[in-house]
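Protein chains: 2
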Amino acid sequence: MGDKALNPSRRHRVVIVGGGFGGVRAAKALKRLPVDVTLIDRNNHHLFQPLLYQVATGVLSPGQIAPALRTLFRGQDNVRVLMGEVERFDLERRVVHAVAQHEMEIEYDTLIVAAGATHSYFGNDDWAPDAPGMKTLDDANRVRSRILWAFELAEQAQTQEERDALLTFVVVGAGPTGVELAGQIAILARRVLKKEHRAIDTRAARVVLLDAAPSVLPPFPEKLRDHAEHDLRKLGVDVELGAMAVDIDEDGIDVRPTEGGETRRIPARTVLWAAGVQASPLATMLAEESGTTTDRAGRLLVRHDLTLPVHPEVFAIGDMVSRPGVPGVAQAAIQEGKYVAKVISARINQYPEPPTFAYKDKGTMATIGRTRAVAKVRGVKLTGQLAYYIWAFVHVAYLVGWGNRFEAVARWMWTIVARNRRERLISPTSLLTEQQVAEEIEASRERSRVTV
Amino acid sequence: MGDKALNPSRRHRVVIVGGGFGGVRAAKALKRLPVDVTLIDRNNHHLFQPLLYQVATGVLSPGQIAPALRTLFRGQDNVRVLMGEVERFDLERRVVHAVAQHEMEIEYDTLIVAAGATHSYFGNDDWAPDAPGMKTLDDANRVRSRILWAFELAEQAQTQEERDALLTFVVVGAGPTGVELAGQIAILARRVLKKEHRAIDTRAARVVLLDAAPSVLPPFPEKLRDHAEHDLRKLGVDVELGAMAVDIDEDGIDVRPTEGGETRRIPARTVLWAAGVQASPLATMLAEESGTTTDRAGRLLVRHDLTLPVHPEVFAIGDMVSRPGVPGVAQAAIQEGKYVAKVISARINQYPEPPTFAYKDKGTMATIGRTRAVAKVRGVKLTGQLAYYIWAFVHVAYLVGWGNRFEAVARWMWTIVARNRRERLISPTSLLTEQQVAEEIEASRERSRVTV
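Respectively, the protein sequence lines represent chains A and B. The first sequence begins at 1 in UniProt numbering and counts up one residue at a time. The second sequence begins at 1 in UniProt numbering and counts up one residue at a time.
Chain A extracted, bound-state conformation:
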């Protein structure tokens, strides 16, 4: 560490980029240290991403899984929240460049970058408008509007062919998000909507879950994978494995067996993308600045203590980092955030630094449908309703803020009892594609820069 960092005449400045699981946990763990923390995020909220699929299918409201970052740090005076987009790093001068209304230069003594990942179309970005992904709340609103809009249009379809395409929902990617999304769409069609439509039988809707891998939930043990697949099929989901997307347009998806063979067309007006991970572009930026590299998914290679080579004062954590043996899950980011706070504490107090970061696998879980799940907790494999209740307990325990927890439980109970969904809005705005929104926002920015 440089002299500045240990200069006792002013407090050590920690800048954290990203208010996800890693960034928030690091900031929380710095509470009792004599440091000034600045937490920068492009959004004003934290996002409990594992429950995003519940917003996308109308169970929870956006606010229930996305507390304001300021609220999380209301009682922690050494944290300042700054809403803005990070544009670049100057590792030599130890400055982060961010922009909101103005360009901002934020100086740091220690930098923690926890900017996460987004979905990747594996080089087929032109699929994006017709196969929206599931990473942000805007994404979830968009997916919800698309699903419900398809049922509305099916009610008005003029041919059987059109009706079938509107009632076919293809989810690409059979990881936890894809599995949970497909299960919830099946329940929406088979139970929630069945008494509400007149011209169509919503139970006839076809939900296809597609993955190039030979099984669902690849990181889970085989027994649980089989169980999950069985539960999905019981819900009426067509699980199509060993099959990859080769083209997607507004009328459907072309699918080819991974082992080779003929390309097949699935006519479908709703294709949802739950595959592929691409690290935040900030990972590449940091790699270039520090002379290290990224992997195929754009994830940064870091040292064993999660710092950059040559820059021990810069940490990178969470999904934007490549860590062999560590899965891209919330739990990993949380443990890394805590670890980094410990390293900073040791440096400030001049204790020996804690040893190399080691990930402790506390378990993995995924829900399937209404009250079923598969879970591996400390080596024990669980399925069915028991797994669901453990899933619910763990997620509620981690939901930040007591109000959110209480409400989410009330909402889940109500959803199970009433077999309905409360958040069933199709908003004109959320039917816009990500690209349309991005273009308009860029246009607004240009305008306001010109007039200011």
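Careful: at least some of the hints might be erroneous.
Since the list gives no way to pick out one identical chain from another, each pair is judged satisfied if it fits inside one copy or across any two copies.
[What the hints assert, rightly or not] Restricting the straight-line Cα-Cα distance to at most 30 Å, the calculated cross-link-like pairs of lysine-lysine (BS3-like) are: (1) Lys195 x Lys28; (2) Lys195 x Lys342; (3) Lys31 x Lys194; (4) Lys195 x Lys31; (5) Lys381 x Lys342; (6) Lys194 x Lys338; (7) Lys28 x Lys234; (8) Lys194 x Lys28; (9) Lys195 x Lys338; (10) Lys234 x Lys31; (11) Lys362 x Lys376; (12) Lys28 x Lys342; (13) Lys360 x Lys223; (14) Lys234 x Lys362; (15) Lys338 x Lys376; (16) Lys234 x Lys376; (17) Lys195 x Lys362.
Source of the hints: derived by calculation from the structure; they are not laboratory data.
Here the structure of chain A is known, so what remains is to put chain B in place on it, guided by the hints.
Chain B alone, transformed into the frame defined by chain A:
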């Protein structure tokens, strides 16, 4: 009525345009009649508009005040819900033309048009991007994002002048929506956010409530108007009466006394529009088709039984209709919806039709801030906390669907106890203006028409 209408060989067809208070209540009241009801709305949800300001200020989630129309009629088999935009009426052929994915022709025997109203900029539509209104959920999301975004930018302001403009919120229009909105912004600034910002004192925010009229809440009795104004001032709202907006741009608003005098500039980065009512364009369309007229606000003149001249089979109700002595409130639309159902029942059963529609004033209410309100209920004037509890009781009683009611109460209680707001999202999409969204949606439609 024509022969068709009374032809017993098939059921009488009622088409209702608009799923607001009037349309929904009419459809519900037709439950036990041998009629087939088609309810057309451009949205898939009903909207409990009197609580829209709570969405705009982060108290309730959109889903809590907007149940899906299909859910409302889940148990009523004679109602079919159709999502689409009504483009025109053919009163001679008794056909409604609507469009979603396709052009649709919907035949009726009886037509009820209840398409409501939107806000009006009194001929200054160029103010729209800088002074968003409050009529739809998209509007409310936009207002919420703008308010919270202003506080975020104030945290980063580089001059005192910039900070002051960001912390000035001008609400134009001191009817119930304007009063409630101004009160909630004041509470947001003075209580909710005060511990969450570091670089600014949010309590210094200035909330201006502007109206050309000489008092707030013009339809209320004088005693209640004075009380409301007093409560608003106690919350720290600058109530500026007898003052009209003469220009609005992105940096502020020009204001002139109604009695004449000098124009004054209020630098403000957030101006919200809660003034002016403009009937749905369908009112003008109906007027042209039936040879009747509209008033200055574009509201249709109807006969005493709410039918159109020459077309006794066409009813128009709610905010799109000009009815001397009847205020533009939910209660009036509800009573009209019920009345029209009674007329239809009488015609079908060949009973004498009920006499001319007469509005019964059951009372008016408005909340001011956290737990205060003014109310006039059956002639009794109430103020303060008692009025608030009556307000809450009545609104909860009218919230459609038991689940919503239970949740809304839990949410309000929690909001009051925790002094926080759960729905505090700034979404990039919702920062787009109404016009930007409309243009992009139009562009999408054009594209899909070309490719289909």
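ask   = Of the hints given before, which are not true for this structure?
value = Going through the list in order, the structure violates hints 5, 7, 10 and 17 and respects the others.
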